[in-house]
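Number of protein chains: 2
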Amino acid sequence: MTELFKAVTITEARKIISAHYSGPKKTEMIPLLSAQGRRLAEEVRAKEDVPGFTRSTVDGFAVQARDTFGASEGLPDYLEIAGEVFMGEEPKGRLETGQVWQIATGGMLPAGADAVVMVEYTENLEEKIIGVVRPVAPGENVIRQGEDIAAGSLVLPFSHCVKAHDLGVLAAAGVTAVKVFCPLRVGIVSTGDEVVPPEEKPVPGKVRDINSYALYGAVTEAGGQPHLYGIVRDDFHRVRESLSAALSENDLVMLSGGSSVGTRDVAREAINSLGNPGVLFHGLSIQPGKPTIGAAIEGKLVFGLPGHPASALVVFHLLVAPLLYKGSYYEEENGFWEFPLTAQITRNIRSAPGREDFIRVKLFLRQGNLYAEPILGKSGLITTLVKANGLARITAGKEGVEAGETVEVKLF
Amino acid sequence: MTELFKAVTITEARKIISAHYSGPKKTEMIPLLSAQGRRLAEEVRAKEDVPGFTRSTVDGFAVQARDTFGASEGLPDYLEIAGEVFMGEEPKGRLETGQVWQIATGGMLPAGADAVVMVEYTENLEEKIIGVVRPVAPGENVIRQGEDIAAGSLVLPFSHCVKAHDLGVLAAAGVTAVKVFCPLRVGIVSTGDEVVPPEEKPVPGKVRDINSYALYGAVTEAGGQPHLYGIVRDDFHRVRESLSAALSENDLVMLSGGSSVGTRDVAREAINSLGNPGVLFHGLSIQPGKPTIGAAIEGKLVFGLPGHPASALVVFHLLVAPLLYKGSYYEEENGFWEFPLTAQITRNIRSAPGREDFIRVKLFLRQGNLYAEPILGKSGLITTLVKANGLARITAGKEGVEAGETVEVKLF
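Protein chains in written order, with this note's numbering: chain A, 1 to 412; chain B, 1 to 412.
Because the hints were derived from the structure by calculation, they are not lab data. One or more hints might be untrue.
Straight line, CA to CA, 25 Å or less: simulated BS3-like cross-link-like pairs of lysine-lysine [as the list claims (entries may be wrong)]:
{"hint": "1", "chain 1": "A", "residue 1": "Lys47", "chain 2": "B", "residue 2": "Lys201"}
{"hint": "2", "chain 1": "A", "residue 1": "Lys398", "chain 2": "A", "residue 2": "Lys378"}
{"hint": "3", "chain 1": "A", "residue 1": "Lys92", "chain 2": "B", "residue 2": "Lys326"}
{"hint": "4", "chain 1": "A", "residue 1": "Lys15", "chain 2": "A", "residue 2": "Lys410"}
{"hint": "5", "chain 1": "B", "residue 1": "Lys326", "chain 2": "A", "residue 2": "Lys387"}
{"hint": "6", "chain 1": "B", "residue 1": "Lys378", "chain 2": "B", "residue 2": "Lys362"}
Among the chain A residues that face chain B by a calculated CB cut under 8 Å, a handful are [to be verified]:
{"hint": "7", "residue": "Leu167"}
{"hint": "8", "residue": "Pro204"}
{"hint": "9", "residue": "Arg208"}
{"hint": "10", "residue": "Glu221"}
Label-pair restraints from in silico Cβ distances [claimed, not checked]:
{"hint": "11", "chain 1": "A", "residue 1": "Glu43", "chain 2": "B", "residue 2": "Glu48", "range": "38 to 46 Å"}
{"hint": "12", "chain 1": "A", "residue 1": "Lys398", "chain 2": "B", "residue 2": "Phe412", "range": "30 to 38 Å"}
{"hint": "13", "chain 1": "B", "residue 1": "Glu399", "chain 2": "A", "residue 2": "Gly93", "range": "42 to 50 Å"}
For every residue, glycine included, the Cβ atom is placed at its ideal position computed from N, Cα and C.
Here chain A stands alone, though its shape is the one from the complex (with noise of 0.2 Å):
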């Protein structure tokens, strides 16, 4: 029971735990298909212009623009038709001055053509003659060859993880199969001797196994590879036994459950007795996730989390989720912030100074504005879990926040 460590920050806690963890390392090649939310192991560059060729981004006639220069819905351009552009083809022959060659949305734009008049904007006047009644500047209406992707530029850049639409530009830049990390593989065990696995049912005195089930879901979320080693009984033995084989098998342990002050103890001792640096620290100045430990055991890192699912998972939205998703607690490049959005409180919450509190909200809209009403509830309670959307932090330094005032969130 005696407190070895002073509760560290998160921002504490990250420092000490990037300083002992070097991220992803593995990697593996995998078809385009299979790409979605895996994290690019190299940038990927273009080997080739995109479009390959100048093209129409409408219906209707390339031309040379300064032949429509002057041309009005009163006195039209006479223009004559050509040629045709047919879809896929490279058009056969020049463009002359005075003519027009009909093309479709896509077509390639043929040799001495800068421009395409929308067919919505010419009169046919002959077979072979059109009125064009308004003038397009050189460029209008055309995508140049390489203007959406010059050969060499960069498509995608290392670390970026691959969302739907980037499924589409790859395609684009003809990348059939990309470079990413293997997702971590992150073992979960579960202690308690009050524990029971889902299928039991539980005697007086038992509870089921929920942080396993929990954690394994936002594991998976954060793009994991999760895998369960069971509920192993608070005793230094087993705990060490168990978290060795997950150690073993595994780039970062997750140790749950047991939230009782000796089990933590049994913990610390078991991580310990298994290499060094061993723990980091033990207690973190938030609430809720105070009792949670950090460790790093030769390169790889265990969490001791809280036992209360929802205290369990604040702790690892903020100090293992990020490594899961993007190797990493540096802030994302895309300006986004970790809260990124603000939202009223309904009602006062206390908090005490030199702490950081995090409260499962239920935000919604009213006319507009974003609301974050507490989800509030004895902490063991599991039902919470459910009613909260997400997460508002208020920040150390301050006493509580008032209904009405804004404070920082983010979603689930």
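Following the hints, put chain B in place on chain A, whose structure we already have.
Below, chain B without anything else, positioned relative to chain A:
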């Protein structure tokens, strides 16, 4: 080139589609650990109380609350340590007036006890006597039997999409298998004489297939099961053949690419030749996304999407994605709107009255305010896909928005 149909609004299109589509019907039982991201085909109710017994939420001493009334630092109440609760076991015996039992977080309250005093508010006097320095109310620091989930109560509603933390809640309720809807199978047919697969180096006039891949990703993201049917030429018989195969093997088919006027005619005719009622609408009063076809064939849906990838994805998000992730267009119950956030637009955007505009934007925060920077660029460009992380809506009836005005946005 004749316009047989009047362009419809998104709301009208949804009504028309809903009238011809009865939603997903196929269900399956799957193990708990596979349920994440799946939609429940039946509500889940608790078979028994959670927790199954009254338990402590702190480390301390079980008491009869009235024995602590009036206790203070100056005048502690002295009580006898008469027993100890072991984790996971049913306490043997009964706590009598004047007694406390030692108990850890999660331990089962002994009969006779109705509250727990935190260890921090006690002082050890003799081996068997403690002093309580703060009173507790009945029920304090305990979770009563069934307080979290009462037997028979609703755990998760019908049609709920199972989230990470729900796995924990289901485990708590003893649910190890769940009945979920099978993901909708979505066939994707790409059309266009100019389109080649990504592994092919396009000769002048040809471009690589982007839409199949972007849509494949988007379908996966929305919880559907995509199947690619390759690229077919803009020819009635070939489109019909491919469409027919895709329809027989899927619940919903998307025809994409081929943005020229002729292509749309081919698509419409091919759809109408395959069954009833055929094409329901052709043309949406939105920008981008106007040249969209909505059709139903014997209870299955067919969408003809615009050829431009960015346009195809906008229509996908508005008309197809909701059917995949929630089975219908009905608003979700959690109070969220489809465009849940508001942001200040960073530049003037023109619109046309009577038309809804959807602008791809880059959302970013500055001093706690959300801004939407329109990603401009010719409609055929695909790199705009990568730059945008959200979509802004300019409702019909407005002639545009000015820089600094508030717009409704959604994050991708």
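Status of the hints after comparison with the structure:
This hinted pair checks out: Lys47 (chain A) and Lys201 (chain B) have alpha carbons roughly 10 Å apart, not beyond 25 Å. With a CA separation close to 22 Å, the supplied pair Lys398 (chain A) and Lys378 (chain A) stays within the 25 Å bound. As the CA atoms of Lys92 (chain A) and Lys326 (chain B) are separated by approximately 51 Å, the hinted pair breaks the 25 Å bound. As the CA atoms of Lys15 (chain A) and Lys410 (chain A) are separated by approximately 22 Å, the hinted pair is consistent with the 25 Å bound.
The hinted pair formed by Lys326 (chain B) and Lys387 (chain A) meets the criterion: a straight-line CA distance of about 19 Å does not exceed 25 Å. Between Lys378 (chain B) and Lys362 (chain B), the direct Cα distance comes to roughly 16 Å. Compliance with the 25 Å bound is thereby established for this hinted pair. A least Cβ separation of about 4 Å between Leu167 (chain A) and chain B falls short of the 8 Å threshold, and the interface hint therefore holds. Hint on Pro204 (chain A) holds. Least Cβ distance to chain B is approximately 4 Å, under the 8 Å limit.
Taken as an interface hint, Arg208 (chain A) checks out: its beta carbon lies about 5 Å from the nearest beta carbon of chain B, inside 8 Å. A hinted interface residue such as Glu221 (chain A) counts as satisfied when its beta carbon comes closer than 8 Å to some beta carbon of chain B; here the least separation is about 5 Å, so the hint holds. Under the hint 38 to 46 Å, the C-beta atoms of Glu43 (chain A) and Glu48 (chain B), about 54 Å apart, miss the expected range. A C-beta distance of roughly 33 Å is found between Lys398 (chain A) and Phe412 (chain B), which places it inside the suggested range of 30 to 38 Å.
Restraint check, Glu399 (chain B) to Gly93 (chain A): a C-beta distance of roughly 44 Å satisfies the suggested window 42 to 50 Å.
Checked against the numbered hints above, the structure breaks hints 3 and 11 and satisfies the rest.
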